[in-house]
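**Q** Since each chain comes alone in its own frame, lean on the hints to assemble the complex.
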Amino acid sequence: MSNTPQTLFDKIWDSHVVKSQEGYPDVVFIDRHFIHEVTSPQAFDGLRKRGAKVFNINRTTATADHNVPTKDQHLPIREALSRHQVEKLRENCKEFGIELYDLLHPFQGIVHVIGPELGITQPGMTIVCGDSHTSTHGAFGNVAFGIGTSEVEQVLTTQCIIQSKPKKMLIEVNGTLEKGVTAKDLILYIIAKISAAGATGYFVEYAGEAIRNLTMEGRMTVCNMSIEMGARGGMIAPDEVTFEYMRGRRFAPQGEEFDRKVEEWKQLKTDEGAQFDVVLTFDAADIKPMITYGTNPGMGIGVTDHVPTLEEIPATEQPSFQKSLNYMGLQPGESLLGKAIDYVFIGSCTNARIEDLREVAEFVKGKQKADGIEVWIVPGSNQVAEQARAEGLDKVFEGAGFELRGPGCSACLGMNEDKVPAGKYAVSTSNRNFEGRQGPGARTLLVSPLTAAVAAVTGKVGDIRELV
Amino acid sequence: MKETITKLTSQAAPLPIENIDTDQIIPARFLKATTREGFGDNLFRDWRYNSDNTLKADFVLNDPTYKAARILVAGKNFGMGSSREHAAWAIHDYGFSVVISSFFADIFRNNSLNNFVLPVQVSDEFLAKTFAVIEADAQAQITVDLENQQVTLPDGTATSFEINPYKKNCLMNGYDDIDYLISLRPEIEAFQAAL
Numbered sequence: 000m001s002n003t004p005q006t007l008f009d010k011i012w013d014s015h016v017v018k019s020q021e022g023y024p025d026v027v028f029i030d031r032h033f034i035h036e037v038t039s040p041q042a043f044d045g046l047r048k049r050g051a052k053v054f055n056i057n058r059t060t061a062t063a064d065h066n067v068p069t070k071d072q073h074l075p076i077r078e079a080l081s082r083h084q085v086e087k088l089r090e091n092c093k094e095f096g097i098e099l100y101d102l103l104h105p106f107q108g109i110v111h112v113i114g115p116e117l118g119i120t121q122p123g124m125t126i127v128c129g130d131s132h133t134s135t136h137g138a139f140g141n142v143a144f145g146i147g148t149s150e151v152e153q154v155l156t157t158q159c160i161i162q163s164k165p166k167k168m169l170i171e172v173n174g175t176l177e178k179g180v181t182a183k184d185l186i187l188y189i190i191a192k193i194s195a196a197g198a199t200g201y202f203v204e205y206a207g208e209a210i211r212n213l214t215m216e217g218r219m220t221v222c223n224m225s226i227e228m229g230a231r232g233g234m235i236a237p238d239e240v241t242f243e244y245m246r247g248r249r250f251a252p253q254g255e256e257f258d259r260k261v262e263e264w265k266q267l268k269t270d271e272g273a274q275f276d277v278v279l280t281f282d283a284a285d286i287k288p289m290i291t292y293g294t295n296p297g298m299g300i301g302v303t304d305h306v307p308t309l310e311e312i313p314a315t316e317q318p319s320f321q322k323s324l325n326y327m328g329l330q331p332g333e334s335l336l337g338k339a340i341d342y343v344f345i346g347s348c349t350n351a352r353i354e355d356l357r358e359v360a361e362f363v364k365g366k367q368k369a370d371g372i373e374v375w376i377v378p379g380s381n382q383v384a385e386q387a388r389a390e391g392l393d394k395v396f397e398g399a400g401f402e403l404r405g406p407g408c409s410a411c412l413g414m415n416e417d418k419v420p421a422g423k424y425a426v427s428t429s430n431r432n433f434e435g436r437q438g439p440g441a442r443t444l445l446v447s448p449l450t451a452a453v454a455a456v457t458g459k460v461g462d463i464r465e466l467v
Numbered sequence: 000m001k002e003t004i005t006k007l008t009s010q011a012a013p014l015p016i017e018n019i020d021t022d023q024i025i026p027a028r029f030l031k032a033t034t035r036e037g038f039g040d041n042l043f044r045d046w047r048y049n050s051d052n053t054l055k056a057d058f059v060l061n062d063p064t065y066k067a068a069r070i071l072v073a074g075k076n077f078g079m080g081s082s083r084e085h086a087a088w089a090i091h092d093y094g095f096s097v098v099i100s101s102f103f104a105d106i107f108r109n110n111s112l113n114n115f116v117l118p119v120q121v122s123d124e125f126l127a128k129t130f131a132v133i134e135a136d137a138q139a140q141i142t143v144d145l146e147n148q149q150v151t152l153p154d155g156t157a158t159s160f161e162i163n164p165y166k167k168n169c170l171m172n173g174y175d176d177i178d179y180l181i182s183l184r185p186e187i188e189a190f191q192a193a194l
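Chains as they are written, first to last, in numbering that gives the first Met the number 0: chain B, 0 to 467; chain H, 0 to 194.
Chain H extracted, bound-state conformation (with noise of 0.2 angstroms):
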């Protein structure tokens, strides 16, 4: 079955660091796989555990209270750094389906929206006050719409959020880029016969 992205309500885990870059997000030693699977195990590898790969207890992925989130929320530049989509893929493969921060990086951006995973940018404020309900109670469902582009907190506090029309598109029906582009093949080959 082809995956799809609609509305998803949900637990969050917080990570209200800034500029987390895509070497902390999965880290290079760990890009050494050929297929896409996998990658889940070693998502903040070296934030999650410690020299001799026990797990460090107060990081927040570590912590059972979070299990259930499917949801991340995580400081203002996410995904800053190298283009490597394998952060993307270690984000979804570790089960998140949603990254909620108050700005994304460019390449990380492309890449989680080519992998459900729907990166929703809200301003400081929103963020701000989403940890605050978080860490009020850790158990806090947020909604996010992706039809209405709309992020809703527990007490009714929403806010909308934007997307290119066409990648909305792709997420909501499972669509592939690539068929897209195969289907303008006729286009692409006359475009550079004319170079």
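Bound conformation, chain B alone (with noise of 0.2 angstroms):
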């Protein structure tokens, strides 16, 4: 054993190289592949084609997610495209007999949200899945990143996959967080001051008090918007927060076996004086409710702040910034702040679980939507919105009037019936607010959940903080 200091993450990949060769990018060994319809389909043939087998279809799970509808579910899919898919990935999984969780199945819903509350994701692991928020999964202190499709074939046929080491990058918060400011909040506040290629080729560990204070959920909103800022993933060292999460989740290891492992688990930390490559401090103090206003993620500002001028962005990225404000009907300069919305949509990989749902039903309580918008409330999975319903959360979502859907990735990237039509602004707790992400022609504000539930009952943009 080396004596120098490691960081967590080169002790997890390290502990995983099958082979490191001169020249070569290392062949990681991955405990824990979770697979869905959209990128799973074509990996498959090619198994087809070689005559192979899956490796060990114990170490991968799948769901369907993207395609589906959030209405009706019991009803076959409407669209055929979607339809197809979802029906190939229940053939592929029959055929190499991987465990689907299918539409209606107690389990079912978004991939990132399933494999956390099921406790199928536990610290210490290599996680790998065709969607590039497979970073989520870094929040209980694993290695977990996105994948397309070639590599889900080399995860299916080898439990390995061929991948260059990332450099590592620190980022530590310190302080505490205001009142009504969020994981959320936190995150799109990071994407803002480092750019949305600000981690490209690192790999993110998540530090400091702020970090620390966050609940398991806040922790999967921080780790999933990673790839926000082009980092390859993002990792927070497993605490007692971590531990107390997994207790007692359908696959996590139970009784004494669990209390073993927790000991295990408790000495995966990055070593004091471990060396990386670029460390990066904030404060959480200086955070406020945040808001995008552009076309990438790194587009955002305080609720109260204004977009940046034209004098404010470099000359040479002018071009692209101005492309972006038309799209989103706005001007350099503006305040975004009484701005009204059309759409709210609390959903995704990033906001959708049950302490989001939480979060926007204390605050919508005894509150009416505002009239003439629309507002979404889709739970990440059926175990959310079965845990929402014993809760009562739905009776005050549709009090207020508001949609409450069933699970999936829905109107967060336009490929399901859920889309925001051209034009119309969303505010949405999603992760994404690219051109047509939300529906051809849509125009994505992104949010925390307290921020979409202020907007839900306003109609309009504001802060949260005036309201708590």
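Please keep in mind that the hints were generated in silico from the structure rather than gathered at the bench.
Do not rely on the hints blindly, as some may be mistaken.
What the hints assert, rightly or not - DEER-style ranges, computed between Cβ atoms:
1) B:Lys-52 x H:Glu-186: 16 to 24 angstroms
2) H:Asn-172 x B:Val-16: 18 to 26 angstroms
3) B:Gly-398 x H:Glu-186: 58 to 66 angstroms
4) B:Glu-373 x H:Asn-163: 42 to 50 angstroms
Backbone N, C-alpha and C fix where the C-beta goes; we use that ideal spot for every residue, glycine too.
**A** Given below as structure tokens:
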């Protein structure tokens, strides 16, 4: 054993390298693989072409999430291509022997919501999925990252992936968040500070008091959006908060085995003095409720700030900035506070967990949806939906005039039936505000669930701090 | 026959926009196919077509001047966002073999390399010069030489680019990552058994 202090990332990565060879990327063993209907069919075709079997069926779990309708999930999917893709997933899982949490299954939901809530995601693992938001699982102290379909095929066939080791970045957030400022604001703030490409080439570890004080749901929101600053992934060392969340989960170790595992998991931390390639430090007290104004997640401001003026943007970046604002129908220097909006979407792998729904319900209780807007609440999974009903949150939402739907990726990505019409403003708790992301021509303003709740009841962009 | 990339001299299509995300390269609503073919039809769909499916005359790929281009030149941070390999499939299916930019997103870079689309990362200055050369002469021929890891503009200005030696070997010889991984099967089995 080397005595050189190591980062948590190095510890997990290095202990999963099957082969490391000069001039070659590393061959990394994958503990846990998640698949869904969109990025897996071509990978299964590859296996069939080679006459290959899945290397270890117990290490892959499947669900249908991207393409599924969020209304009338008991009926056949109306759109033929979506239906075909979900049926293909069924056939492939059956043929190759992979566990599938299909529509209506009690465990079905967005892949990055169900992995953690079922206890499949456990500290110290390497986790991949054909989806960039796989970084979510890093909240449990994992090396988790999104991959392409050719890589899905690699993992299905050999349980390994060929990958160059990324560089390491430490992001420390010290101090405490103001009331009304949440994990989503924290990560939108960091991305706005370092840009949508600020962590490309790096794997990020988040640390500091403000990170430690987050719940597991909050940590998942932070790690989820690591990809939005280009990072290969993001991780948070596990602690008591992690272990308490894990205890009793369906596929987590149980009883004495759990206690034994916790002792192991406690070792999962960066050693004192370990070297990172880049260290960034932020102060939680500087963070306001955030909102994006542009067409990438790095284009964010505090809700009380103004959109940058042209003079504040470097000359070389002005054409892209202007193109972005034209798409959004916004002016340089404009304030978003009080801006009328058309849709509110509360959902996605970033913010559709039970805690997100509880936060929204607590604020909304006794209030009514603003006239003339639509509000969609889409739970991340059937388990979240079930829990919400058990706590009576469904009644709060229905009472407020919100539309509570079935689980899925929904309006996050404009792939299924849930789309925002062209030119309309959607205040959204999802992760991407790219052109057309929520539907062709749709204009997305990314926010926290609390800020979305404010928009839902006022019909406008508002400052939650004045209301709590 | 196995596909390979060695050396290419071609006209280039300019897309001087920064932060082009994979949702622009291929919007999610076109990810419903279960094969790898045909994604080129919807490459940059919402930039190429109006909502009534007519062509947008001012978009570069709709300009017949650039119809022979096999190189795409794009602003920095190309391919950010979603991990959809469909983005690389769409670029390849449309007919591009090379993308030149001053910065690439990580997942897109891997996906490209796995699909015989060569991401060539150059400096901001060289990228600006490349755009200027194309603007001055739309027929400008750019040479990308993988073996020598060099891009050359018509006036002879050249720059080198980085690529992992293993991936370079794969592209030049048509090798597949999975063949390599399958050859390691005994080692992988031993690794799993020791967990």
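**Q** Each hint needs a verdict: does it hold in this structure or not?
**A** Consistency of the hints with the structure:
1. For the pair Lys-52 of chain B and Glu-186 of chain H, the supplied restraint of 16 to 24 angstroms holds, since their beta-carbon distance comes to about 18 angstroms.
2. In this structure, Asn-172 of chain H and Val-16 of chain B meet the distance hint of 18 to 26 angstroms, their C-beta atoms being roughly 25 angstroms apart.
3. Take Gly-398 of chain B and Glu-186 of chain H: their Cβ atoms lie about 60 angstroms apart, and the range 58 to 66 angstroms holds.
4. At about 48 angstroms, the CB distance of Glu-373 of chain B to Asn-163 of chain H agrees with the hint of 42 to 50 angstroms.
In the structure shown, no violation is registered for any of the earlier numbered hints.
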